[in-house]
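Peer 1: Protein sequences appear in the order of chains L and H. Residues 68 to 494 in our numbering are what the first sequence spells out, letter by letter. Residues 68 to 494 in our numbering are what the second sequence spells out, letter by letter.
Worth flagging that the hints you see were computed from the coordinates, not collected in a lab. A hint or two may mislead.
[To be verified] Some chain L residues flagged as far from chain H (calculated, every beta-carbon gap over 10 Å):
#1 Ala231
#2 Ile238
#3 Pro342
#4 Leu357
#5 Lys360
#6 Phe364
#7 Gly487
[What the hints assert, rightly or not] Pair by pair, the computed Cβ-Cβ distance ranges are:
#8 H:Ala231 / L:Ser345: 52 to 58 Å
#9 L:Arg490 / H:Ser452: 48 to 54 Å
#10 L:Asn132 / H:Ser461: 33 to 39 Å
#11 L:Tyr472 / H:Pro137: 32 to 38 Å
#12 H:Ser452 / L:Asn132: 35 to 41 Å
#13 H:Thr191 / L:Pro290: 54 to 60 Å
#14 L:Pro442 / H:Val350: 54 to 60 Å
#15 L:Ser349 / H:Asp417: 46 to 52 Å
Positions of the beta carbon are idealized from the N, C-alpha and C atoms, including for glycine.
2 protein chains.
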Amino acid sequence: MTWSKKNNSNFRTETVAGGGLLSRRNFITNAATGSAVFLPMSYAAAESFEGVPETWLTKGGEFSNYGMPPDSGQHPIRWISNHPAVPGEGVTWTPHHQLQGSITPNGLHFERHHNGVPHIEAATWELALHGKLAKPTALSLNDLHRLPMHSETLFIECGGNSNAMWRDQPIQTAAGYIHGLLSCAEWTGVKLSHVLELAGIDPDATWVIADGLDSSGVTVSIPLEKALDDVLIGLYQNGEPVRPSQGYPARLVVPGWEGITHVKWLRSIMLTDKPLMSKFDSVSYTDLMLDGKFNRFSFVMEVKSFITQPSPGYELQQKGLYEIRGLAWSGAAPITRVQVSADGGSSWTDAELQSPVLANSLTRFRVPWNWTGSPATLLSRATDSLGNIQPLRSEIINNKGGNSYYHYNGTTVWSVDEQGGVRHVYI
Amino acid sequence: MTWSKKNNSNFRTETVAGGGLLSRRNFITNAATGSAVFLPMSYAAAESFEGVPETWLTKGGEFSNYGMPPDSGQHPIRWISNHPAVPGEGVTWTPHHQLQGSITPNGLHFERHHNGVPHIEAATWELALHGKLAKPTALSLNDLHRLPMHSETLFIECGGNSNAMWRDQPIQTAAGYIHGLLSCAEWTGVKLSHVLELAGIDPDATWVIADGLDSSGVTVSIPLEKALDDVLIGLYQNGEPVRPSQGYPARLVVPGWEGITHVKWLRSIMLTDKPLMSKFDSVSYTDLMLDGKFNRFSFVMEVKSFITQPSPGYELQQKGLYEIRGLAWSGAAPITRVQVSADGGSSWTDAELQSPVLANSLTRFRVPWNWTGSPATLLSRATDSLGNIQPLRSEIINNKGGNSYYHYNGTTVWSVDEQGGVRHVYI
Numbered sequence: 068m069t070w071s072k073k074n075n076s077n078f079r080t081e082t083v084a085g086g087g088l089l090s091r092r093n094f095i096t097n098a099a100t101g102s103a104v105f106l107p108m109s110y111a112a113a114e115s116f117e118g119v120p121e122t123w124l125t126k127g128g129e130f131s132n133y134g135m136p137p138d139s140g141q142h143p144i145r146w147i148s149n150h151p152a153v154p155g156e157g158v159t160w161t162p163h164h165q166l167q168g169s170i171t172p173n174g175l176h177f178e179r180h181h182n183g184v185p186h187i188e189a190a191t192w193e194l195a196l197h198g199k200l201a202k203p204t205a206l207s208l209n210d211l212h213r214l215p216m217h218s219e220t221l222f223i224e225c226g227g228n229s230n231a232m233w234r235d236q237p238i239q240t241a242a243g244y245i246h247g248l249l250s251c252a253e254w255t256g257v258k259l260s261h262v263l264e265l266a267g268i269d270p271d272a273t274w275v276i277a278d279g280l281d282s283s284g285v286t287v288s289i290p291l292e293k294a295l296d297d298v299l300i301g302l303y304q305n306g307e308p309v310r311p312s313q314g315y316p317a318r319l320v321v322p323g324w325e326g327i328t329h330v331k332w333l334r335s336i337m338l339t340d341k342p343l344m345s346k347f348d349s350v351s352y353t354d355l356m357l358d359g360k361f362n363r364f365s366f367v368m369e370v371k372s373f374i375t376q377p378s379p380g381y382e383l384q385q386k387g388l389y390e391i392r393g394l395a396w397s398g399a400a401p402i403t404r405v406q407v408s409a410d411g412g413s414s415w416t417d418a419e420l421q422s423p424v425l426a427n428s429l430t431r432f433r434v435p436w437n438w439t440g441s442p443a444t445l446l447s448r449a450t451d452s453l454g455n456i457q458p459l460r461s462e463i464i465n466n467k468g469g470n471s472y473y474h475y476n477g478t479t480v481w482s483v484d485e486q487g488g489v490r491h492v493y494i
Numbered sequence: 068m069t070w071s072k073k074n075n076s077n078f079r080t081e082t083v084a085g086g087g088l089l090s091r092r093n094f095i096t097n098a099a100t101g102s103a104v105f106l107p108m109s110y111a112a113a114e115s116f117e118g119v120p121e122t123w124l125t126k127g128g129e130f131s132n133y134g135m136p137p138d139s140g141q142h143p144i145r146w147i148s149n150h151p152a153v154p155g156e157g158v159t160w161t162p163h164h165q166l167q168g169s170i171t172p173n174g175l176h177f178e179r180h181h182n183g184v185p186h187i188e189a190a191t192w193e194l195a196l197h198g199k200l201a202k203p204t205a206l207s208l209n210d211l212h213r214l215p216m217h218s219e220t221l222f223i224e225c226g227g228n229s230n231a232m233w234r235d236q237p238i239q240t241a242a243g244y245i246h247g248l249l250s251c252a253e254w255t256g257v258k259l260s261h262v263l264e265l266a267g268i269d270p271d272a273t274w275v276i277a278d279g280l281d282s283s284g285v286t287v288s289i290p291l292e293k294a295l296d297d298v299l300i301g302l303y304q305n306g307e308p309v310r311p312s313q314g315y316p317a318r319l320v321v322p323g324w325e326g327i328t329h330v331k332w333l334r335s336i337m338l339t340d341k342p343l344m345s346k347f348d349s350v351s352y353t354d355l356m357l358d359g360k361f362n363r364f365s366f367v368m369e370v371k372s373f374i375t376q377p378s379p380g381y382e383l384q385q386k387g388l389y390e391i392r393g394l395a396w397s398g399a400a401p402i403t404r405v406q407v408s409a410d411g412g413s414s415w416t417d418a419e420l421q422s423p424v425l426a427n428s429l430t431r432f433r434v435p436w437n438w439t440g441s442p443a444t445l446l447s448r449a450t451d452s453l454g455n456i457q458p459l460r461s462e463i464i465n466n467k468g469g470n471s472y473y474h475y476n477g478t479t480v481w482s483v484d485e486q487g488g489v490r491h492v493y494i
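Just need the whole structure built from these sequences, with the hints factored in.
Peer 2: So, in C-alpha cells, the structure goes:
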C-alpha cells in the first residue's frame, strides 16, 4: 500500500519548523484559499453511478454471528515470531504501521505466550486468595461477576518490546515489528484492592505473588502498594469476555507496568512480606547496567513514542502534504507533549494529541508535513506530566550501556530518501 | 450463565434508597468490616495446583494472525434477524446483556443492511464531491489517507432500535435483542468539513446528499451545518480499517445522529440547497404523531438508558449483593446523571458513571444492590448536560402516541420475582 499515486496536491504551505512541518491550522486554511488548487476537476456526476463495476451493485454478502475482517490479503494481520520447535512459545505483533486511533482491536492485540494458550473451563475455575490474609478464600467467575466492576482504557507493553533497538545496526522491518509488543484496550474487571480488602489484609503483607495457570508457570511478584492502587482482575477486553489467548477467564491488569505483570489465566493471588524471586522476577525482564549490576523490578514502562506513518514499507509516492502520525505513552503519568522533527532533531514542532489523553493509555499524535522531495529524517519525542522526557537512542545507550535486552524507551528514527523510500536509521 | 451458585455472601448492608440500592462506598466498607463474613475459608494452598485438571497444564494452543474468540458456545455472539427470502436484508444485534464497559468489539458491532454487504475494490474506489462546490472532485483512498485524521469514540444507534417497546405487550427476550441496534467504537477518519472546505463550498449550499454504494441505494440528506460541525469520513474502527460489513472503504460517521445517516460504502457527497427527500428521508425513519402528521428529520438520538445486568435470561441464584449495570447515551449532550430504581420508580439512587464521560459515546453506569429475595422492579433513567431527561414509557406513549416504530427512548423495566427470575414488564 502507498499513500497516493496521483500528483494532485500543490498546496501553498507555511513552515513552522525545519523540514516542512506545519501547524494543523496551516494545512486547512492555506489549502482552502483560492491560491491553491486542491484536486483536478475530474468527477462531476457521481449520482449516476457511471463506471461503477456491476459486481459492486449486486446483492451483497450475508450476516454472521461474529464479524471477521475480510480475507482479502489487504487487512492488517499480526506477524508471528515463534519458537520453531515449540509453536506456542513466542509472540504476535500488533501491526501499528497499519492502524489508526488508539484502540487495538482484540484480534490484533499482541500476545506473548511461554507455552501456548491453555484451555480452561470457566465453570470449575477459581481464583485463590491466600497467604497473609485474615480470610483466605476462592472466588468463582460468578462470584467475581457480582462484585463492583471498573473499566479503564490501558496499554499493555511487553518489557521486551523494541528490543531490536539495542542492536548495533538498525533492523529493517515495519514499525509494528519493532514496537508491536504493545497494544491498548478498554479493560473491565474487579479491583484487586476490593477483593483483598474483603479477605482482610494482614498488617505485615507487602507483596503480592500472582500465579498463572499456563504450563510454563508464570509467577510474578508485585508490591502490595501497587495492587491496592489500581490493579484489576481483568474479565472483559473491549467489551467482550477476555479471550483464551488473552488469559480467559481472568488476567491481572496492572496499569502502566510491564506486560509480564499482567498475569494471564490467573489462578492464585498470595500475599507475602517479600518477593518470590521467581525466574520472571530475577532473570527475565532485568537489565545489566554499566556498573555490572542488574536492575530488577523496574516495572513502570517509561515515556516513549514512535512514528507509525510514514514508516518503513509505507513509501511516499509524490511530493506534497502528508500527516505524520504516531503513538505515545508513559506508565508514569499522562502524556502532555509530543514533539516531532523532520530534520533529525535540529528543530521540533508540537504534534496535536488525540483527546481525551488518558493515563496509562496510548495517545495518538498527528502533525501535518509538507514533503518537498528532499531527504528528511523523522523522529518523535514524548513528554509526560511528571516531566519525564523520552531519551534519544544515544542517550539511553550512554546511560544504560548496550547490554540490555528489555525496557528500551529511546527514540526511533525514519530516514526518507529522495524517492520517498523510508528506512530505519540510527543518528 | 448465572451470576452465582454459591450461597456465600451475607454482607451487612446499608440502604440508600428503596429496594436495597446501595452507595458504592457501602458495598466495600461494610463488607470489609469484621461484622460480615465474605466467603467461606475453602481454599488455602493454591500454589500447589492441587486439583487442577491435567489438560489445563499441558502445552497450549498456537498463535494466529488474527485472533478470534473461542468456539466454545459460551462467548457472546450477535443474533441475526433477517428476511427469509433475502438473507442480506435485516440486522444483527449487539448482545449488551453479555458485555461490559463501553466499547463494542468490531465482531459484535450491530449491522443494518438493506441488501447485504457489497464487495468493493479499494484500489478503484473513489469518493465523489460534487454539486454546489467550486471545485468538484474525487478522492481516492490514498488521497484521504494523506489528509489530517481525527478520532472519536462514538455510539451508533439505528433509528429503529428498541422498536419492540412500542408494542402493546412487553416482549420477552434478552436486553440485547431489544436495544442491541446500538454499538460504540473509536472511529478515525477525515473530517467532512475539511474536504468540503478544500473543494470550496458555494454560499447557497445548505444540505449534503450522501450516497452509499450498496445495491439498495441508500441515499440520505443531512444539513450542511451538521456536516461542517463534526461529521467524519470514517476509515478506521477501533484502530483497524473499517470492515466491509461496516462500510469499507469508507462510511459516514455522524456523531449522535440516527444510524441511517452513517452511510456505508460511501460513494458520493453532493451539496444542494434542499434535501433530496429520498425514501430514507421521507418514509423510513419518520414518526406518525398524535396530530396525524409525520415527524421527519428527527436525526438526534435522544437521551436513553437501560439496565444490562441483571436482565432477562440472567437469573439471580441467591440473595445478597449484586451490581446493577447498564448503558446510557444521548446524541444531544454528554450524560450527566443516571438514576436507578429498584422499586418501580418510587425511589431513585444515582449510579456511578464510568469515566471519562464522552459526548456521543456510550456511558457505562453501575450501582450496588442488595437483593433481599423480595420481588423488585428495576429501571434506569438518564439525564444529559442540556437537562434532557429520559421519559418513562408511559410519558413517551402519551406524548407521541402509539403509532411510532422509530426513535423510542423511554425507560425499560425488569421485574425480579422471588425466585430471582427476571422478566420484561411495562409499568
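Peer 1: Decide, hint by hint, whether the structure agrees.
Peer 2: Against the structure, the hints:
| no. | hint | result |
| --- | --- | --- |
| 1 | Ala231 | holds, 19 Å |
| 2 | Ile238 | holds, 21 Å |
| 3 | Pro342 | holds, 15 Å |
| 4 | Leu357 | holds, 36 Å |
| 5 | Lys360 | holds, 30 Å |
| 6 | Phe364 | holds, 21 Å |
| 7 | Gly487 | holds, 12 Å |
| 8 | H:Ala231 / L:Ser345: 52 to 58 Å | holds, 54 Å |
| 9 | L:Arg490 / H:Ser452: 48 to 54 Å | holds, 49 Å |
| 10 | L:Asn132 / H:Ser461: 33 to 39 Å | holds, 36 Å |
| 11 | L:Tyr472 / H:Pro137: 32 to 38 Å | holds, 33 Å |
| 12 | H:Ser452 / L:Asn132: 35 to 41 Å | holds, 37 Å |
| 13 | H:Thr191 / L:Pro290: 54 to 60 Å | holds, 57 Å |
| 14 | L:Pro442 / H:Val350: 54 to 60 Å | holds, 59 Å |
| 15 | L:Ser349 / H:Asp417: 46 to 52 Å | holds, 48 Å |
Taken one by one, the earlier hints all hold for this structure without exception.
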